[in-house]
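Undergrad: The residues making up each chain are set out below.
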Amino acid sequence: MNPLRAEFDSIIAEYRGSLPARIERLDALLAAGDIGALARELHTLAGSAGTFGLPQLGAAARAAGDLLARDPGGAQRGELERLLGALRHEACKP
Amino acid sequence: MAAEEKRVYMLTSKGNAELTGASTSLSAADLKLLVMVDGEATVEKIAGQTKNQLSAEAVATMLRELAKKGYIADPDGTAAINVGDFFKEADLGLSSLEQKGFFVRIARRPEPRPKAEPGAKPVEKKKPVVLVVEDDPQLAKMLRTYLKMEDFEVRVAATREEINKALREPPRPDLVLLDVVLPDIDGFDVLAKLRSHEAMKSVPVIMATAKATREAVLEGLRRGADGYVTKPYDMPILMSAVKTVLGIA
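So the sequence lines, in the order shown, correspond to chains W and U. With our numbering applied, the first sequence covers 1 to 94. With our numbering applied, the second sequence covers 1001 to 1249.
Here chain W stands alone, though its shape is the one from the complex:
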C-alpha cells in the first residue's frame, strides 16, 4: 500500500477510535451542566467529523450545537438529549 495512504488511513482509524471518548465527554459535560464546554466540544466535532468521512455525525453535532446556541439555558433539554442520542448512534456505526 502507498505509505501516504496508510498514514491517512491510520489517522482516520485513530479518529474513529477517539469517538467513544468524545461521546463520553459530551455526556459528562451535559451531566455537569457545563454548557459552554459542551458547545465547544460539539463545534469541534461538527468541524472534524465531515473531514473524516462522517458527514451525518458532523450534522448531528452541528444541530445539537445550534440548539445550544439558541437555547443556552437548556429549556429544551429533551430535544438536546434526542440530538445527542442521534449523535451517539452515528458515532457507533461501523
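Think of the hints as simulated: they come from the structure by calculation, not from any bench. Among the clues, some could well be false.
[Unchecked claim] Below 30 Å or equal to it, Euclidean Cα-Cα: the simulated DSBU-like pairs (lysine-lysine) are:
| no. | chain 1 | residue 1 | chain 2 | residue 2 |
| --- | --- | --- | --- | --- |
| 1 | U | K1125 | U | K1141 |
| 2 | U | K1126 | U | K1165 |
| 3 | U | K1165 | U | K1121 |
| 4 | U | K1121 | W | K93 |
| 5 | U | K1201 | W | K93 |
| 6 | U | K1141 | U | K1165 |
[Unchecked claim] Far from chain U, some chain W residues (derived; all Cβ distances over 10 Å):
| no. | residue |
| --- | --- |
| 7 | I11 |
| 8 | L29 |
| 9 | P72 |
| 10 | R77 |
Each residue gets a CB set at the ideal place from its N, CA and C atoms; glycine is no exception.
Knowing the structure of chain W, use the given hints to seat chain U on it.
TA: Okay, now just chain U, sitting in the frame of chain W:
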C-alpha cells in the same frame, strides 16, 4: 471629536490596489495616509503617526474624503461615509464560502527572486512554513500530513501558550491557518493580536470556520483576515486557498 478620533478605518480592496498598483491618482499626502491605515487603524493612531504634523481633526477630514472615494471604509458603519465596498466584500466572501468552500481576500505575491549570477551556487529553495492552529488532535494530524505532502513545513498549535511558542520559533511562519473556536482563546482575538504585532502583522491568516455567516466574515475582514475556509475541510479546496493566499497557486 473624541468619538471621531476613535473611529476605525480599514483599507478596502480598492485602496489596497492603489497601494500595490504601478501608478496612482492620489496625492502624496493621501497615499501616505493609506499606508498608515495599513489594514486597519483609528484616526487617533494615524494622527499620532504624523508626529503632530496633522491634527486629529485634519486627519479625520482627509480620511472621510478617502472613504467617500472608496479607498478605505468604516467597518462599524457609523460614519456618514460610503461603506458599500466593505460590506460588498463581506457578501462576496460569504457567497464564495457557500459556493466553493473558501474565500480569499488577497493573494500576496512572493517577492521576485534576483536572477542568479552565472556560475553562482543555486539558492536552496525554502519550504513555506504553515502554522496550523487547530485543537482537534486528529484533525491537526491530518492537516499536518496533507500540508507536508504538498511540500510545506508545518507547525501545529492548539492553545494560547502553544500559539505564542510556535510564532516565536524561527523562521517566521509564511501563513497561519487559524481555527476560530479554541480551548482558551478566541481565533479572532489571535488574529487581532497578530495584526497589532509589528513583526507578525503582515503574515497572511486564513480563518477556518464551521460557521459560514456574514457576521463571521465581517468580523474576520474587520480584523484583517486574508481568507476563510469552511469546515469540514475539503483538502483540495483548502490547499487551493493556502496556495492562493501565498501567491503560489
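Undergrad: With reference to the structure, classify each hint as holding or not holding.
TA: Taking the hints in turn, this is what the structure says about them:
Proximity of K1125/U to K1141/U is assessed by CA-CA distance (about 25 Å); at most 30 Å being required, the pair is judged to hold. Proposed proximity of K1126/U and K1165/U is supported: the alpha carbons are some 21 Å apart, at most 30 Å. Between the alpha carbons of K1165/U and K1121/U the distance comes to roughly 34 Å, so the proposed pair goes past 30 Å and is violated. A distance of roughly 57 Å separates the Cα atoms of K1121/U and K93/W; the hinted pair therefore is violated under the 30 Å criterion.
For the hint linking K1201/U to K93/W, the alpha-carbon distance of about 45 Å lies beyond 30 Å, and the restraint is violated. With a C-alpha separation of about 18 Å, the suggested pair K1141/U and K1165/U falls inside the 30 Å cut-off, and the hint holds. Here I11/W does not stay apart from chain U, with its beta-carbon only about 5 Å from theirs, under the 10 Å limit. The beta carbon of L29/W is kept farther than 10 Å from every beta carbon of chain U, the shortest such distance being approximately 13 Å.
Remark: the non-interface label on P72/W is consistent with the geometry, its nearest Cβ contact in chain U lying 15 Å away (cut-off 10 Å). A cut-off of 10 Å between C-beta atoms confirms that R77/W is not in contact with chain U; the least separation is 23 Å.
Of the numbered hints stated above, those contradicted by the structure are hints 3, 4, 5 and 7, listed in ascending order.
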